[in-house]
Amino acid sequence: AALLLGEDDDAAVAAELVHLAVSDPELRSALRERGGARIAAYAPEPTVAKLRAALEALA
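Per my numbering, the sequence shown starts with residue 124, numbered consecutively.
Since the hints were derived computationally from the structure, they do not count as laboratory data.
Each residue gets a CB set at the ideal place from its N, CA and C atoms; glycine is no exception.
Be aware that one or more of the hints could be misleading.
FRET-style restraints, in silico, Cβ to Cβ [unchecked claim]:
{"hint": "1", "residue 1": "E179", "residue 2": "H142", "range": "44 to 50 Å"}
{"hint": "2", "residue 1": "D147", "residue 2": "A177", "range": "37 to 43 Å"}
{"hint": "3", "residue 1": "A163", "residue 2": "L126", "range": "34 to 40 Å"}
{"hint": "4", "residue 1": "A182", "residue 2": "H142", "range": "49 to 55 Å"}
Using the sequences and the hints given, assemble the complete structure.
Dropping the structure here:
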């Protein structure tokens, strides 16, 4: 899990965001779904394919 804060955010803002993520079932579900999609982007197969394509473009 990660929490992205801006320069002006403080501990109270972080606490409020964590509370929302934990207490709001709809938000929690959306965050879980988006997180799963982000993780899938870093799966070995697509990463290898992207690296191979980049290396072949240099050849």
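Checklist entry - That 37 to 43 Å hint for D147 and A177 (C-beta), does it hold up? => result holds (40 Å)
Item to check | Satisfaction of the hinted span 44 to 50 Å by the C-beta atoms belonging to E179 and H142 | outcome: Roughly 48 Å apart at Cβ, these two residues keep to the hinted range, so it holds.
Checklist entry - Using the C-beta atoms of A163 and L126, is the stated range 34 to 40 Å upheld? => result Given a distance of about 21 Å, which is not inside 34 to 40 Å, the answer is violated.
Checklist entry - Per the hint of 49 to 55 Å, is the separation of the Cβ atoms of A182 and H142 within bounds? => result Because 52 Å falls inside the window, the suggested range holds.
This entry does not satisfy hint 3, going by the numbered hints stated previously; all others are met.
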